[in-house]
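On the provided structure of chain A, position chain B as indicated by the hints.
Number of protein chains: 2
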Amino acid sequence: MRRLLLISNSTLHGGVYLDHCKDQIKNFLTGKVKTVLFVPYALQDRDGYADMAKKAFNEMGYELESIHKQESPPEAVRNAEAIFVGGGNTFRLLKTLYDEKVVEEIRKRVLQDGVPYIGSSAGTNVATASINTTNDMPIVNPPTFKALGLVSFNINPHYLDPDPNSKHMGETREARIKQFHEYDDSPPVLGLREGCMLLVEDNKATLHGRTDARLFERNKEPKEFSPGADLSFLLS
Amino acid sequence: MRRLLLISNSTLHGGVYLDHCKDQIKNFLTGKVKTVLFVPYALQDRDGYADMAKKAFNEMGYELESIHKQESPPEAVRNAEAIFVGGGNTFRLLKTLYDEKVVEEIRKRVLQDGVPYIGSSAGTNVATASINTTNDMPIVNPPTFKALGLVSFNINPHYLDPDPNSKHMGETREARIKQFHEYDDSPPVLGLREGCMLLVEDNKATLHGRTDARLFERNKEPKEFSPGADLSFLLS
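For the record, the sequence lines run as chains A and B. The opening residue of the first sequence carries number 1 in UniProt numbering; numbering runs sequentially from there. The opening residue of the second sequence carries number 1 in UniProt numbering; numbering runs sequentially from there.
None of these hints come from the bench; they were simulated from the model. All the pointers check out, no bait thrown in.
The list cannot tell twin chains apart, which means a pair is met if one copy fits it or any two copies do.
Straight-line C-alpha distance at most 25 Å; calculated SDA-like pairs for lysine to any residue:
hint, residue 1, residue 2
1, K34, P74
2, K146, N135
3, K167, G15
4, K101, P143
5, K178, H13
6, K95, R176
7, K167, D23
8, K167, R214
9, K223, P162
10, K55, D19
11, K95, N219
12, K178, R214
13, K95, R218
Isolated chain A, as found in the complex (with noise of 0.2 Å):
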């Protein structure tokens, strides 16, 4: 049974780290999990971001290992009881993914397994079908921008509405992500507005937190589903 937490950001304006989530997230993680395995890939201060993570987890009631540290990753991932991927550039982390070959091992442990997986910002975009809507820089170049396809549409986390003040002429989020339902084939994308997370048990997908999410589909208008809404159609 497929379990993913994804959240749109780990900290919201003026709050502490993951401290927005910290409910959801302890609900996911069943009594069963003590240990959570952390993928610091995306940031370069891996040590610090572990301690980080490490901090938060630890309040919540769990011990946390970061990857990193560990003499074979992918050895980590098969021994890993709960998964958890930061944020930071979504490119260096995919790209680090398959660097250190944990890609397949990953998706086996949590479609195959059951392991539970909680991605938050770029941990959230490397969960989903890939990485074509990520906000990121592309710092770095992965082999591919397909990523782990935890579930088989892709999420724009720290969905940001137009701000009708700007005066800047950069693409709208919503613009962007319309050119990239110019193609065909070319799945839905699931807004998350920062304070929001999706919640994927099986075939089962919720919209949890404070937020609501924007769903874009090629060829159809945006729709706006609140904290509640089952998503399910999205996982057939």
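Chain B only, in chain A's frame:
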């Protein structure tokens, strides 16, 4: 003699397409140029895009032909008197330049034959060393992020200062460029704010327009430059 006019953005807020840079374009395209070859590959609607560009260039006194209407794009480049590459999605633009086999052709024409090159936004991005510092969404995957290499540094068009009132937690533009500079041998990145442009004539580079540019270099503090500034040191 290499001649480039690299514009941050084609339209200023509330303005008309290419209006803020038409004087610089007319000064740049000296008397000999009658027809400009337009590259509309960054947008899906190539016909509509070419019509808009044709209107703007006709008003400046030039003919414009779009490369997508030519039987052989490489042949069109070999015959071009001047080249204008328009903005849109940088990934789509670079992929199509490779697909149409014009990357080497444009490079040769500009660097060996001195054909004037005008780029705007994505068209400016692809003129540089790589597209590693584009702001665009990676909606398609080009074979490489290596670009035309008409200059050896990178540019970030539509450069945007942090908004002190924002509650959005996505990385600022400066934070994104700093992540690029975490990598060894990453070249300088010139952040061109909307309204400014870089004129390159052989080994001389000068800032033009109405806004300042911000230069980022690995392991250095960012520096500000105003219109008129000599940036030739970036070319060496």
